[in-house]
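Colleague: This is what each chain is made of:
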Amino acid sequence: MTILPTLKSLTIAAAILASTSVFAFAKDVTISVWAGGTGPNDVYRLDAIEIAAQQLQREAALKGEDLKITVEKKPYSAWEDFKQALTLAAEAKTAPNIVVSGHEDIAPWSQSGLIVPIEDYVDLDSWPLNGIYENLLKIASYNGTVYGIPQDAESRPMFFWKPYMKAIGYSDADLDALPQNVQDGKYTMKNLLEDARKMQDKGLVQPGYGFYPRTSNGPDYWQFYTSFGGTMEEGGKLVFDKAAMARTYQFFADAVKSGVTKKNHIGMPGDQWWKEVATGKAGIWDGGTWHYARLVNQEGLKDFFGNVIFTLIPAGEGGKANTLTHPLVYLLTAGHDKEDTDIAAKLITIASEPRINALHAVKSAHLGISEAESEVDFYSADRWTREATERLLPHANAMPNNSDFGTYWNIMWKNLEASWTGAKTVDAAIGDAESELKSTLGDKIVIR
Amino acid sequence: MKTSRTLGLVMIAPAAVMIVLFFLMPVVLTAVFSMTNMTTATGISGGVYQIAPNSLITLKSAMPEIAAEMAEPRYTIDEAGLKAVEGLGLAPAIAAELRAKHAGEIFATRREVERMIKDLAERPSTREVKHISEQFNRSVLNTRFDSKEQLFSSLDGLGFKLTPEQKETVAKTTYTGWTWTTDNFSRMASSPDMARVLFNTVLYVALVLMLFNVGYALLLAIWTHYMPPTPASIFRGIWLLPRITPVVIYVMLWKWLAWDSGFISILMGKFGYPPKNYLLDTAYNAWFFVVLINGFIGASMGMLVFSSAMKAIPKSQFYASEVDGASRWQQIRYIILPQMRWPILFVTCYQTLSLLASFNEILLATNGGPGNATEVWALSAYHTALRNYAGNLEYGLGAAMALVLVVIGVVLSLLYLRVFNYGTLVAKPLIED
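The listed protein sequences correspond, in order, to chains C and F.
Under the numbering used here, the first residue of the first sequence is numbered 894, with each subsequent residue one higher.
Under the numbering used here, the first residue of the second sequence is numbered 336, with each subsequent residue one higher.
This list has only true hints and no planted wrong ones.
With a straight-line cut-off of 20 Å between C-alpha atoms, the simulated SDA-like cross-links for lysine to any residue are:
#1 F:Lys-436 x F:Leu-425
#2 C:Lys-1231 x C:Asp-1013
#3 F:Lys-507 x C:Leu-1334
#4 C:Lys-1231 x C:Ala-919
#5 C:Lys-1331 x F:Ala-530
#6 F:Lys-465 x C:Thr-1038
#7 C:Lys-956 x F:Ala-426
#8 F:Lys-453 x C:Leu-1017
#9 C:Lys-956 x F:Glu-463
#10 C:Lys-1337 x F:Ser-525
Hint data in this document are derived by calculation from the structure and do not stem from the laboratory.
Could you put together the complete structure from these sequences and hints?
Modeller: Here is the structure:
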C-alpha cells in the first residue's frame, strides 16, 4: 500500500524528465577564464564574465533555450607565471576559453594559432563594441584583424609627493600648473632629477629615495625611451634608436650617480616599495593608474589628492612628454568547440557593456574602454578615473604588437639593468644590445 | 643459462623503459629543440602558412607586385559564393536577395561586406553573417593553410601566376612554424652576455664547492669527529636543517635577514647606518649571499660523507698516534686527510654536477641580479626558455643553452669515471659465471 504511490510518482517524475530532455533545448557549458596580473582590486576581469553569463542565460531563456553556463575563474597575480602557465597549457591543449592578457601577446599567440580572431565571432558594428575607443581596438588588432576586445585601459603617470614639492619651493599654483607644464615640455626629465636631488639635500627623503621608479621589468620603461625620442616600431618593423636608447640608459645611470635612485633598486621586494611610496618615503616615482586603488585600498593612503600629484612622463632630450597605455584584452583561445567559443565571445561582448566595465574601472582604478563609459555617472563621479582619463589617455601610446617584440624587450631590459647597476657602461650596454639585436633579429629590426 | 639471461632482460625492462623515458628522452629532445628556432610564436607542434600583412613586408622586397596584389582583401558577390550560401541551410530569402541586389559587387573589407549582409531584409544572426561573408572571400590574406599544397592551390584558384621558385619564396616567408637552424649556437658564441654568464657559472661553482661543499664540510666532519657522540649528532643534525627546509622558506629567511627592513638593517640602524638592501646592494653582496645560501645547503652532504668515511678509519691509528704524542693537527694531516682522498674526490665530482644544474636558490634570492651579476647558465636557460614578459618564450635558444650544460655534465662525468677508475670498480668478478 505504501510503496505504490511512491512508485507511481517516481514513474511520473521519470516520464516528465524524459520528455523535457527530448523536447527542450538544454545546454550545459563551462567557460573557463584566466586573467594575468590580477590582484584583489582587479577581480572584475573575471567577475564581469560571470555577470555576463547570468545575462546570457536570461536572454537564452526568453528564446526558449535552457542554457546553463558555469564560469571557471582563475586569477594569476604575477605576469610571467601566468604567461608561462598559459602557453604551456595551450601547447598541452588545455587552454581556458577566455584569456585576459596584455595586448602585446596577440602577435606571438596569434602566429602560433593559440588564439583565434574575436572578429570571427562578434559584431564589431553593434553596441557595445562599436563604442570602444578606436585606438584601443587598434591596439587589440594584429595583421589588420581584431583579435581581442579591450578589457581596460590605463596609463602610466609620474607621481610627485606634494608636501615635498612644496618644501622645495613649489606653490599651490605651481603644482596645479605642473601637469600642463609637463605636457608642454616646460618641465623635463632634467628638472625631475634636480627636484629629486633638492628633496634629498633638504633631508625630506633619504638618499636614493628622490626618484623611486618601478622595481622590476615592465612596460613603464618604454615610456622613458619614448620620452628621450625613441620609436618602438615603424611601418611594421621594430626600431632600435641607438641615440635615444643611450639617453634612456644614461638617465638611469645619472640618477644612480647623483644618488637620487638606488643602485640596487631593481629586484627589491614589491611590498616594501608600495609601503614606501604610500607613506611619503619617496619623492617622485612612476607607476600605473591602477596604483591609485592599491595606495588607497591596501596601503592606507587616505588623502591621495592632498598628497600626490600626477602628470605625464616628462619629456627628455629629443623626445616628448608621453604615457603608455597597456590595455588588457579579452582573447579567445583556439582548440575549443565552436559553439563554446561562440558563447565565450558573447560573454566578452556583454562584459564590455559600459556599466559592467565601469565596475572594474572604478574598483581597480583602471580607465574606461568607451566614450559611453565616461557618461556612466558611477564612472564619471569617481575623481580619479575622470581626471586620469582626461589628463593621460589622449597622450597615450602603446607597445607594438609584433611577435619579435619580446626578444627586443628582453635585450633592451637586460642592458638597461646592467647600465643602471654599473655592471656595464652605457656605451658598452648599447653596443651589446646592438650586436645582440643584429644577431638575433637581423633585418626584422631597424637599427639607427 | 639462456633462460636466466632472458629472465634478466625481462627483469631489467622496467628500469630500461624508465631510463629511456626519463633520462635519455629529455636529453634527446633538448638536443632536437636546440637545433630549432622554436618560440611561443612558432609553436611546438608545427606551423601553418599564412599570408599576413606582417609576412608581406618581407615578401615586398622580393616580389613587390605580387605582394601588393596579395595584400588586397577582396570580397566578391559571385555565383560560386551565392551557390555556397544556398548550401548553408539558411533562410532562402537571404541568397535570393543577395543575388537580386548585390550580384557582381566587390567589397574591399570584410566589415563592409558584413554591413551589407546585416542590411538584408531577413537579418541573419552575427554567426550567420560571418558564415555568409566567408563564402565571398576571394583573398588569401590572413587565411591559415595547413600545407603548402593548400596554399598553392588557393593561390592558383585566385589566378596568381607564380613560378615554382616564387611559390617556394611565398611558402618560406609565410610559414609560421619553427625551422631547423644552428643560429642558437652562433648566438651563444657571439653574445657578450653569454660569456659573462659562463664566467658567473664558473665562479659560482668554484666558490660554493671550495668554500662550502668540500672545505666547510670537511671542517664540520673533523669538528664532529672529535666531539663526544651525542653533541656531534646534534651538531650534524642542525647542519642538515638548511637541506631539509623547503627551499622557498629557507630563501625567504635569508631575504628577511638581508632586506632593507630586515634583521641586518635593523641591527646596523642601531649604529646609525641607514637601512639598505644588503642582498642586492652590490654585485659583491649578492655573490656573498648566493654563495652562503647555497653553501649552507650543500655543506651537509659533504659533512655526512666525510663523517662516515672518518668513522671507517681504524681507531687504532688514532690511539697509536696519540701514544706517539701526535697533535690533533698532525692527526688530521697524516691520518685523516690521506685517507679521505677518495671521499673528497667523490664529493667534489658529485657537487660540481649538482651546482652546474642548480639555480632555484639564486632564482628565489636575487633572480640573477643586480644587473645580471648573479645570472648563472642554468638560470639563464630557464629565463630564456620559460620566462618572458611579452609572452614569447624562446624554447629553441633555451634548449641550446641547456644542451651546453648537458654536454659539460657528460664530459665531466666521463672524466670523473676515469678518475675513480670505474673500470676496476665494475670489473668482472674472478669467479666464473
